[in-house]
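When you get a sec, could you build the whole thing from the sequences and use the hints?
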Amino acid sequence: MTAVPRIASPPRPVPDCTAALARTYGRLAAVCEALDVRVAAAGTPPFARPFAQPSAHPRRWVGGAELADRTDPAGGQEALDAFVAAEADRIRRGHGHDPRPDVAASRALHDYLWSVGLLMSGVWYLERRVPRVRPREVRVDLSTGTFEIAPGAGFACLPGDPAAHLPGARVVADEEALRAELRAAVADHFRPLLAAVGPRVRRRDRALWGMATDDLVSGIWYLGRSLGQEERAVREATELLPTAIAPFPGGADFRRLTDRAGHAHPTRTRLGCCMYYTLDPSRACATCPRTCDAERLRRIEEQA
Numbered sequence: 001m002t003a004v005p006r007i008a009s010p011p012r013p014v015p016d017c018t019a020a021l022a023r024t025y026g027r028l029a030a031v032c033e034a035l036d037v038r039v040a041a042a043g044t045p046p047f048a049r050p051f052a053q054p055s056a057h058p059r060r061w062v063g064g065a066e067l068a069d070r071t072d073p074a075g076g077q078e079a080l081d082a083f084v085a086a087e088a089d090r091i092r093r094g095h096g097h098d099p100r101p102d103v104a105a106s107r108a109l110h111d112y113l114w115s116v117g118l119l120m121s122g123v124w125y126l127e128r129r130v131p132r133v134r135p136r137e138v139r140v141d142l143s144t145g146t147f148e149i150a151p152g153a154g155f156a157c158l159p160g161d162p163a164a165h166l167p168g169a170r171v172v173a174d175e176e177a178l179r180a181e182l183r184a185a186v187a188d189h190f191r192p193l194l195a196a197v198g199p200r201v202r203r204r205d206r207a208l209w210g211m212a213t214d215d216l217v218s219g220i221w222y223l224g225r226s227l228g229q230e231e232r233a234v235r236e237a238t239e240l241l242p243t244a245i246a247p248f249p250g251g252a253d254f255r256r257l258t259d260r261a262g263h264a265h266p267t268r269t270r271l272g273c274c275m276y277y278t279l280d281p282s283r284a285c286a287t288c289p290r291t292c293d294a295e296r297l298r299r300i301e302e303q304a
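Residue numbers for the sequence shown follow the working numbering, beginning at 1 and rising by one.
Some clues are possibly wrong.
To be verified - With beta-carbon atoms standing in for the labels, derived distance ranges:
#: 1; residue 1: L126; residue 2: A244; range: 18 to 28 angstroms
#: 2; residue 1: H97; residue 2: D141; range: 38 to 48 angstroms
#: 3; residue 1: A34; residue 2: H265; range: 16 to 26 angstroms
No lab work stands behind these hints: they were computed from the structure.
Don't be surprised by glycine CBs; every beta carbon is placed ideally from N, CA and C.
Shown next as structure tokens:
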């Protein structure tokens, strides 16, 4: 009987930190309906500047590096102009009126902080890994508001993580050290952006970092609710920000509201304003200081 020669299987690709991050970003996008992000194809280098097309054509993309760049006033201002104008156009189409320039800038900034913050905190929540997302690894499609991320080549992780041996993985001592990594990663990404966009939103440092705090906490809270894990998300957001930790001016500060059936529901009050009430004056956001506890409970019961 003639032996059938064995055909060698093609070698399996060696996993790396970039591939691991791409998988987790894809999972986040699938779980979080409000996170409008696509993951760049494997091997995509960090997005180069500039993203502008020739002047005869409308700009489609704006990158995080452009928005945060204060060394090139002309290029940075042009990028910010396009970023804010695109948000103003979406507000005009969605709400039927022209927003004030500072409102459009605030809403655009809020979307960036929430989305990019969740790309970091979501990986931490799901996998106990913290990527350092650099501004040049993120860009925004101005026509749709969709974010695109080119996964980086490394992350911090805990001892015992199955990816701890990969090139680019950096092991930290424990959960608190990993929380410190997340706070630092978010702050380092946001700091130059807040400095650049601050004059457009007409707010100073404390108010800007209050918005960053709100968006970091609310992203984790949203992810937990999406997974049916609200209590875990509240607990972990509170452990991440138990109180003010510079540059974040306040903690997660969750509290409980009890409905008529005796069920307690977590809520919090924002440190900064997302300006949604200017778009729909009849309905401020659920964590707005303008929204009283009775109204919050009414909405909770309505959703239930």
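Can the suggested window of 18 to 28 angstroms be confirmed for the beta-carbon pair L126 and A244? holds (26 angstroms)
For the pair H97 and D141, does the Cβ-Cβ distance stay inside 38 to 48 angstroms? violated (24 angstroms)
Holds or violated: the 16 to 26 angstroms window for the beta-carbon distance between A34 and H265? This hint holds: roughly 20 angstroms between Cβ atoms.
Violation of the numbered hints given earlier is confined to hint 2; every other hint is satisfied by the structure.
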